[in-house]
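Residue numbers (the UniProt record's numbering), protein chains in the order written: chain P, 1 to 249; chain L, 1 to 249.
Rather than coming from a laboratory, the hints here were simulated on the basis of the structure.
For every residue, glycine included, the Cβ atom is placed at its ideal position computed from N, Cα and C.
Take these hints with a grain of salt, some might be off.
Using C-beta positions, here's what the derived DEER-type ranges look like [to be verified]:
| # | chain 1 | residue 1 | chain 2 | residue 2 | range |
| --- | --- | --- | --- | --- | --- |
| 1 | P | 224 | L | 42 | 55 to 61 Å |
| 2 | P | 109 | L | 230 | 33 to 39 Å |
| 3 | P | 54 | L | 233 | 19 to 25 Å |
| 4 | P | 119 | L | 193 | 46 to 52 Å |
| 5 | P | 226 | L | 222 | 41 to 47 Å |
| 6 | P | 44 | L | 208 | 49 to 55 Å |
| 7 | L | 75 | P | 44 | 39 to 45 Å |
| 8 | L | 126 | P | 224 | 37 to 43 Å |
| 9 | L | 237 | P | 203 | 25 to 31 Å |
| 10 | P | 44 | L | 220 | 54 to 60 Å |
| 11 | L | 202 | P | 36 | 26 to 32 Å |
| 12 | L | 242 | P | 222 | 37 to 43 Å |
| 13 | P | 203 | L | 42 | 51 to 57 Å |
There are 2 protein chains.
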Amino acid sequence: MLNLVDRTTTKPGCNDCPIRERAVCAHCESDELARLESTKFYRKYSAGQTIIWAGEPMEFVASVITGMASLTQQMEDGRTQMVGMLLPSDFLGRPGRQTATYTVTATSDLHLCCFHRKPFETLMVQTPHLAMRLLEMTLDELDAARDWLLLLGRKTAREKIASFLVFLARREAALGKRQPQGQITIGLPLTREALADYLGLTLETVSRQLNGMKREGMLQLEGKRRVILSDFDMMLAESGDDGDGGLPI
Amino acid sequence: MLNLVDRTTTKPGCNDCPIRERAVCAHCESDELARLESTKFYRKYSAGQTIIWAGEPMEFVASVITGMASLTQQMEDGRTQMVGMLLPSDFLGRPGRQTATYTVTATSDLHLCCFHRKPFETLMVQTPHLAMRLLEMTLDELDAARDWLLLLGRKTAREKIASFLVFLARREAALGKRQPQGQITIGLPLTREALADYLGLTLETVSRQLNGMKREGMLQLEGKRRVILSDFDMMLAESGDDGDGGLPI
DNA sequence: TGGCAAGTTTGACCTGAGTCAATGTTTCTG
DNA sequence: CAGAAACATTGACTCAGGTCAAACTTGCCA
Numbered sequence: 001m002l003n004l005v006d007r008t009t010t011k012p013g014c015n016d017c018p019i020r021e022r023a024v025c026a027h028c029e030s031d032e033l034a035r036l037e038s039t040k041f042y043r044k045y046s047a048g049q050t051i052i053w054a055g056e057p058m059e060f061v062a063s064v065i066t067g068m069a070s071l072t073q074q075m076e077d078g079r080t081q082m083v084g085m086l087l088p089s090d091f092l093g094r095p096g097r098q099t100a101t102y103t104v105t106a107t108s109d110l111h112l113c114c115f116h117r118k119p120f121e122t123l124m125v126q127t128p129h130l131a132m133r134l135l136e137m138t139l140d141e142l143d144a145a146r147d148w149l150l151l152l153g154r155k156t157a158r159e160k161i162a163s164f165l166v167f168l169a170r171r172e173a174a175l176g177k178r179q180p181q182g183q184i185t186i187g188l189p190l191t192r193e194a195l196a197d198y199l200g201l202t203l204e205t206v207s208r209q210l211n212g213m214k215r216e217g218m219l220q221l222e223g224k225r226r227v228i229l230s231d232f233d234m235m236l237a238e239s240g241d242d243g244d245g246g247l248p249i
Numbered sequence: 001m002l003n004l005v006d007r008t009t010t011k012p013g014c015n016d017c018p019i020r021e022r023a024v025c026a027h028c029e030s031d032e033l034a035r036l037e038s039t040k041f042y043r044k045y046s047a048g049q050t051i052i053w054a055g056e057p058m059e060f061v062a063s064v065i066t067g068m069a070s071l072t073q074q075m076e077d078g079r080t081q082m083v084g085m086l087l088p089s090d091f092l093g094r095p096g097r098q099t100a101t102y103t104v105t106a107t108s109d110l111h112l113c114c115f116h117r118k119p120f121e122t123l124m125v126q127t128p129h130l131a132m133r134l135l136e137m138t139l140d141e142l143d144a145a146r147d148w149l150l151l152l153g154r155k156t157a158r159e160k161i162a163s164f165l166v167f168l169a170r171r172e173a174a175l176g177k178r179q180p181q182g183q184i185t186i187g188l189p190l191t192r193e194a195l196a197d198y199l200g201l202t203l204e205t206v207s208r209q210l211n212g213m214k215r216e217g218m219l220q221l222e223g224k225r226r227v228i229l230s231d232f233d234m235m236l237a238e239s240g241d242d243g244d245g246g247l248p249i
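Using the sequences and the hints, build the whole thing.
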């Protein structure tokens, strides 16, 4: 969610990251955060592993290096709704809060770059720039949540799926993965169930819609975790969005 | 949404507010904001009036003194989803952004206490405390949006209505309106249609659910804009929430 | 290398909430 | 105070997406 540096200022390397070829390790690219170097550590989780349960103490903040994680909320009878998605360069943790509000789960293999919460908070108070940046990021996050409200409240199952694929395609494009004109390949780091929890659907409906779109030639399913869009603009039209939320890729 | 002062530090008055008896005028109670006194102005809107349209330039930030406003998002075919609700003491506006992202409408008669955006932003850069407070408020807002995601994605029509009534009852309690034990009266500053747009339902479903609950003795409808809950805890149980989101009132 | 578990697809059926339409009730306004 | 406009209720009907159940893939690991 929270991305500690502007994407525009991406620098080449982060020499002691376990993954040298990683896309982005936001933490390491921020000059202010260099001062926390000594308290930095790395964590690795495998798909399906829970990182923190809602209500548990949360003693670190982190940045996603590779993989994907989700924040979920559960009702007593087990109904589950994903309320946040963490992709590479996203930030995990809420400064000033010592317990987690949501359950955080790795939905694919995941690498985190972590700082202990206390020194991070101290640094934040000392460097107004960092607080301003965090505010900006939180506001972006809030805007994303508001688009998500529209998706959950008013879109049809098909529009939900299309919106999600458009979102993922844009996200990959924004992180610099250039695609051949026309066809776009998307990595889907989610099971059908997790996808359903994201979209407020059942996993059966997700499967039916995805295979329906395949039958109509809008996309190809390559294995379970890869989708190839035949035509981005057609998918965008299908999503119900007007398209000015981002560039046409 | 954004509440510029801690509710716990509420001070008595705000002498040049048009509404002397108002509940809270957050702006006036913040010491930092006293420095913006000269650029402060007031605005009054009547129910149904639109304050800003999405995409329009937004030259001020404001605090709600009385009444209610909504942020809404619309799809091309007219489907509408409310994505934010502004109640007394909430903050309107996004520092750093010059155009409005969402349409803001007064859903009841409304009084705003406004500052021009530029001087407000300057002050924010100069006073880290204000930026930190704004960050904290935005994070609370984000948490609220996430509860809303669960509501839209996973709750039934009845649970949605119950959740909303519980939310309003708590909100009124938090703002200091003590209620007789047992029965709780709630002001409903929304039409059935606005309520439907908040909950991701149609206005017919809202009407049916509300009258259904009335028939079952869970609440009384006094006119169109007032609801009396017979039993808060029963309503809470109906909402599907586990109840630790706030005090039992 | 084969067997099992996790994940996925597909089918048949059902139901909660949407749609369309008519009627009732307030509340403005001239 | 009448008439209209806005808002709300109610009914009949439909259908998108949920539920339950069975079969099919895939990949893991023993």
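Failing hints, ascending?
2, 5, 8, 11
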